[in-house]
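From first to last, the protein sequence lines are chains V and U. For the first sequence, my numbering gives the first residue as 241, with consecutive numbering after it. For the second sequence, my numbering gives the first residue as 261, with consecutive numbering after it.
I should point out that these hints are in silico values taken from the structure, not numbers from a laboratory. For glycine and all other residues, C-beta sits at the position ideal for the given N, C-alpha and C. Careful: at least some of the hints might be erroneous.
[Said to hold, decoys possible] Not the full set, but computed from the structure, chain V residues with beta-carbon under 8 Å of chain U: (1) A266; (2) I277; (3) S281; (4) S299.
[Said to hold, decoys possible] In silico negatives: residues of chain U with every beta carbon more than 12 Å from chain V: (5) A314; (6) G335; (7) D513; (8) E619; (9) Q629.
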Amino acid sequence: MDHELFAALGAALQGLELPRERIERAAAVALPVNERIAAASLQRLALDDHPADFAALLSRSAAA
Amino acid sequence: MNAPVDELVVHGELCAVADDIAQGAISSEALTRVCLARLERFGPELNAIVSIDAAAALEAARRIDLAQMRGEDIGRLGGVPLAHKDVFYRAGRVCASGSKIRRDFVPGRTATVLARLEAAGAVNLGALSMSEFALSPTGYNEHYGHGRNPWNTAHCSGGSSSGSGAAVAARLVFGSLGSDTGGSIRYPAAMCGVTGLKPTYGRVSRAAVMPLAWTLDCVGPLARSARDCARLLSVIAGADPADGHALPVPVPDYEESLNGKIRGLRIAVPKPYYYDAVDDQVRRALEQSLTVLREQGAVIVETAAPDMALVNAMMQLVMSVEAATLHRRWLAERPQDYADQVRARIEPGFCYPATRYAEALALRAKIAQDYLSVAMRGADLLHLPAVPVTVPTIEQTSGGSPADVARAIDAVTHCVRAINYLGLPAIAVPAGFSSNGLPIGFQLVGRHFDEATLLRVADAYQRVTDWHKRVPPMAL
Chain V
241 MDHELFAALG AALQGLELPR ERIERAAAVA LPVNERIAAA SLQRLALDDH PADFAALLSR
301 SAAA
Chain U
261 MNAPVDELVV HGELCAVADD IAQGAISSEA LTRVCLARLE RFGPELNAIV SIDAAAALEA
321 ARRIDLAQMR GEDIGRLGGV PLAHKDVFYR AGRVCASGSK IRRDFVPGRT ATVLARLEAA
381 GAVNLGALSM SEFALSPTGY NEHYGHGRNP WNTAHCSGGS SSGSGAAVAA RLVFGSLGSD
441 TGGSIRYPAA MCGVTGLKPT YGRVSRAAVM PLAWTLDCVG PLARSARDCA RLLSVIAGAD
501 PADGHALPVP VPDYEESLNG KIRGLRIAVP KPYYYDAVDD QVRRALEQSL TVLREQGAVI
561 VETAAPDMAL VNAMMQLVMS VEAATLHRRW LAERPQDYAD QVRARIEPGF CYPATRYAEA
621 LALRAKIAQD YLSVAMRGAD LLHLPAVPVT VPTIEQTSGG SPADVARAID AVTHCVRAIN
681 YLGLPAIAVP AGFSSNGLPI GFQLVGRHFD EATLLRVADA YQRVTDWHKR VPPMAL
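Start from the sequences, fold in the hints, and give me the full structure.
Next up, the structure:
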């Protein structure tokens with residue numbers, strides 16, 4: 241996948257016309273983050289249940 | 261009066277001064293006048309001030325003094341001079357949030373936390389400087405000048421609550437509210453040598469506070485001691501109908517938990533990741549602080565850290581996506597009005613698919629639980645570096661290539677930023693100085709809504725150390 245193309249598309253869809261160097265810089269930050277989270281999500285998100293709720297975790301912690 | 265007022269302003273602490281005012285031992289007006297004079301004298305050199313309203317402050321101080329003389333309850337902060345980061349709205353007053361874009365923005369409502377402080381009798385002196393839209397850990401601000409450290413003005417103050425850290429350290433005010441999305445209370449606290457508390461996500465209202473990332477933003481105090489932070493947190497914490505994320509969790513009296521007793525408390529020290537890039541001087545200060553806590557009876561246990569690259573990735577994604585969402589219109593219409601360094605932190609937010617953001621939020625509870633079970637492993641709290649490197653110069657974090665700047669910022673934020681994604685409370689505590697005279701701090705991290713334990717341990721540490729009492733030479 242061409243991440244710079246994706247970054248340019250993402251910005252364009254938001255109504256932003258970013259110059260090429262800014263697209264490259266943003267994509268360079270986003271690419272490793274994207275890959276890391278995509279891999280973690282495949283491993284950790286259960287397919288047969290709703291995800292644990294963060295607000296519920298906070299409420300449970302407060303009650304404990 | 262027990263001491264000259266200016267001595268009290270330099271060496272006193274918020275709680276003691278509030279008690280003195282309540283007992284009529286000192287007047288709020290006298291204290292306020294000294295603080296106003298110090299703000300005028302030292303504030304510009306530190307780039308710490310946005311606006312000061314002396315007339316309103318003196319009027320409020322005189323009101324408190326009259327109420328005290330009439331024997332009325334003046335509140336837990338009655339007559340204490342404070343000033344806050346320019347991120348908190350006050351109806352009718354310009355709130356630029358460190359930006360060029362909001363230079364003329366006049367909100368129509370007042371932040372709940374400001375209203376709560378004033379209901380408790382605090383005297384608000386004005387607004388303090390901050391990084392543009394709260395988007396710099398160093399205090400970088402191209403529009404109004406970078407935050408300067410009172411221990412050496414060539415060095416960073418830390419950000420984004422840069423004015424808060426500098427003003428409390430230079431004894432211009434007794435305390436200050438800041439906001440913390442990825443460390444913006446803890447960086448300036450650690451780098452300026454004051455105590456700064458980021459509460460649990462949901463502990464304190466963010467209503468009428470300029471947002472950066474709504475699932476990460478927290479509001480909390482910077483002050484001269486853990487006890488002072490405890491009093492400020494007791495006043496501002498609690499549910500708020502104007503902020504649905506501020507949870508209806510009972511607020512303890514945090515000062516009551518400060519009994520100096522930490523015997524048997526288990527403090528976890530996860531060495532992997534957190535000590536990977538610790539400067540030797542910082543390491544020595546951290547080890548000395550652990551020795552102090554051990555001598556007070558705490559049990560120190562070494563633990564591990566989970567996959568911190570993943571937690572940091574989650575944090576980076578959530579922050580930049582939410583910031584990009586909030587700033588989209590301005591970035592489209594007025595991109596030239598942002599500093600380049602600030603845009604560079606927002607624009608990656610446009611480069612993630614919606615599924616990635618949904619995954620980051622869906623995994624948040626699980627990753628927080630994993631973090632607690634691995635890093636805390638049954639202990640009561642964590643002891644971590646705050647800023648693992650010595651305080652950098654402004655030049656080191658703003659000059660050079662974008663890659664150089666990114667590396668310098670990455671080093672500063674290594675131990676702090678992930679905590680916001682996990683929603684945990686954390687406090688930065690002064691713990692010494694590097695050889696060039698700049699402060700070093702450690703960070704305690706607690707379980708959700710257990711700010712009381714953090715404050716108790718920090719207070720116990722401060723009962724037997726005096727790092728938090730040191731005053732920058734320029735401010736004497």
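When the structure is checked against the list of hints, which entries are broken? Sort them ascending. Structure breaks hints 8, 9.
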